[in-house]
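Under this note's numbering, the first residue of the sequence shown carries the number 1, and numbering increases by one thereafter.
Don't read these hints as lab results, they were simulated from the structure.
Each residue gets a CB set at the ideal place from its N, CA and C atoms; glycine is no exception.
Hints are supplied without guarantee of correctness; some may be wrong.
[As the list claims (entries may be wrong)] No more than 27 Å apart at the CA atoms, straight line, and that leaves these computed lysine-lysine pairs for DSS-like:
1. LYS277 with LYS178
2. LYS277 with LYS184
3. LYS178 with LYS66
4. LYS232 with LYS277
5. LYS310 with LYS337
6. LYS277 with LYS337
7. LYS88 with LYS310
8. LYS66 with LYS281
9. LYS178 with LYS245
10. LYS245 with LYS184
11. LYS107 with LYS71
12. LYS245 with LYS281
13. LYS141 with LYS107
14. LYS178 with LYS272
15. LYS148 with LYS107
[Stated by the list, open to error] Label-pair restraints from in silico Cβ distances:
16. ILE304 with ILE76: 23 to 29 Å
17. SER154 with SER175: 20 to 26 Å
18. SER175 with ILE324: 32 to 38 Å
19. PRO329 with SER175: 33 to 39 Å
20. ASP341 with THR179: 20 to 26 Å
21. ILE76 with THR182: 40 to 46 Å
22. ASP341 with SER175: 37 to 43 Å
23. PRO65 with SER171: 55 to 61 Å
24. LYS245 with SER105: 29 to 35 Å
25. ILE324 with SER194: 25 to 31 Å
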Amino acid sequence: MSKTIQNRYKIRSFLLFLILIFSSTIPLYFHFNSVLGQPPVNGNTNTLITSSPSLNPPVIVDPNPKLIDNKSGSLINDINLASTDHDKRNGTIADGVSKLLLIISYKNPLNFSIVNDNTNFSKGTLSILSDSFNNSILSTKNSSVIVKPLPTASGTPLAVAVYAPPSYPTSTTISSNKTNGTVKILVHDVTNPSLNSEVPISLYRVPVVLVHGIWSNPQQSWANTKFNETLKNFGNNVSFANYSKYNAETFDSILIGNKGNYGIDSIRNITKETLQKYHDKGIAASQVDVVAHSMGGLMARGFIQQEDYKNSNNSMHGYIHRLITVGTPHYGGDLAKFLIDNENNTYCVS
């Protein structure tokens with residue numbers, strides 16, 4: 001066979017080969033030599049294989065109550081205590097109190113930063129454990145912090161960042177008709193920023209507790225007026241304190257016989273029940289907002305006077321984030337003395 005014919009066969013074979021490649025529906029995988037600067041490709045998954053180690057996302061835990069100093073309310077600066085078993089969380093509420101710990105086992109310094117944070121820190125702040133212990137975060141706010149890992153008793157290096165939520169939600173974090181939004185934390189190796197991980201934290205509105213007035217109940221005060229429905233339409237989670245069983249008999253902040261403080265207890269009980277529901281869903285929550293009508297405002301003030309109001313479950317800040325009273329006689333009522341003076345008299349109304 002002449003060279004000309006051989007060359008024609010070679011050209012035809014090459015053209016058939018090209019046609020086969022571009023017309024085939026079967027994926028083809030090429031393995032490039034790493035010397036050429038191309039990373040190898042896995043023929044089974046068609047994904048890049050890199051020899052660099054990955055950065056696992058941090059574990060998010062609730063420091064309350066185990067890591068809270070029960071006198072100052074500050075976080076305890078103890079890396080070993082931080083590494084012990086805590087309740088894992090996926091979010092928190094915008095009360096400025098319910099902090100989260102972002103814990104990761106790593107040997108190099110890590111940079112934690114809030115993604116797209118603005119100058120007024122509407123998405124919260126970040127600090128290291130020792131800063132929170134010294135309360136220096138109260139005077140200095142940061143949306144980015146570098147954490148140097150510290151060795152635990154077992155020798156494992158841990159990096160612990162503290163995320164403090166904002167004290168109230170804004171449109172940049174939670175839409176007006178939504179219950180929650182998302183704050184993203186970017187974590188990267190200071191020596192190699194390409195090693196990074198993004199952590200989403202759900203940020204919720206502070207739950208609302210409604211307290212009715214004297215000789216009333218939740219249905220009359222909040223449901224019939226559609227007050228609770230209006231709050232829900234704006235993304236609020238609403239609960240009711242109900243002391244209608246005894247009403248005016250237990251408005252005093254001092255224990256009354258075998259009835260105790262039924263009105264105050266109703267606020268305490270629904271507050272703890274509400275916060276527990278958040279915990280069960282993986283959300284850190286320490287406080288509630290209270291809206292109280294008439295004598296309900298006095299009940300709320302009585303709750304604040306109780307010995308158990310501030311404790312390690314709320315970082316010694318108390319259970320009430322904001323208290324709003326409507327028509328509450330904070331300076332007393334004109335009829336109060338008359339009612340007390342005549343409480344045992346019998347009246348007949350025809």
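Here is how each hint holds up against the structure:
The hinted pair formed by LYS277 and LYS178 meets the criterion: a straight-line CA distance of about 18 Å does not exceed 27 Å. Straight-line distance between C-alpha atoms of LYS277 and LYS184 comes to about 24 Å, which keeps the hinted pair within the 27 Å bound. This hinted pair does not check out: LYS178 and LYS66 have alpha carbons roughly 31 Å apart, beyond 27 Å. Of the supplied pair hints, the one linking LYS232 and LYS277 holds, its CA atoms being roughly 17 Å apart against a limit of 27 Å.
At most 27 Å may separate the alpha-carbon atoms for a hinted pair to count; LYS310 and LYS337 exceed this at roughly 32 Å. Our distance criterion of 27 Å between C-alpha atoms is broken by LYS277 and LYS337, whose separation comes to about 41 Å. Distance hint between LYS88 and LYS310 is fulfilled; the C-alpha atoms sit about 23 Å from each other, no more than 27 Å. For the hint pairing LYS66 with LYS281, the CA-to-CA distance comes to about 19 Å; that is within 27 Å, so the pair holds.
Our distance criterion of 27 Å between C-alpha atoms is broken by LYS178 and LYS245, whose separation comes to about 34 Å. Only pairs whose Cα atoms come within 27 Å are accepted, and LYS245 paired with LYS184 is rejected, the gap being roughly 46 Å. Distance hint between LYS107 and LYS71 is unfulfilled; the C-alpha atoms sit about 33 Å from each other, more than 27 Å. Restraint check: the Cα-Cα separation between LYS245 and LYS281 comes to about 31 Å, which exceeds 27 Å; the hinted pair is violated.
Between the alpha carbons of LYS141 and LYS107 the distance comes to roughly 26 Å, so the proposed pair stays at or under 27 Å and holds. Taking the CA atoms of LYS178 and LYS272, the gap is near 23 Å; set against the 27 Å cutoff, the hint holds. A distance of roughly 8 Å separates the Cα atoms of LYS148 and LYS107; the hinted pair therefore holds under the 27 Å criterion. Remark: the range hint 23 to 29 Å for ILE304 to ILE76 is upheld by a beta-carbon distance near 26 Å.
With their beta carbons about 44 Å apart, SER154 and SER175 fall outside the hinted range of 20 to 26 Å. For the hinted restraint 32 to 38 Å between SER175 and ILE324, the CB-CB distance of approximately 22 Å leaves it violated. Look at PRO329 against SER175: about 37 Å separates their beta carbons, and that is inside 33 to 39 Å. Separated by about 48 Å at the C-beta atoms, ASP341 and THR179 break the suggested range of 20 to 26 Å.
Between ILE76 and THR182 the CB atoms are about 29 Å apart, so this pair departs from the stated range of 40 to 46 Å. The given range of 37 to 43 Å is broken by ASP341 and SER175, whose C-beta atoms sit roughly 53 Å from each other. Look at PRO65 against SER171: about 33 Å separates their beta carbons, and that is not inside 55 to 61 Å. Remark: the range hint 29 to 35 Å for LYS245 to SER105 is contradicted by a beta-carbon distance near 52 Å.
For ILE324 and SER194, the hinted distance range of 25 to 31 Å is not satisfied, since their beta carbons lie about 49 Å from each other.
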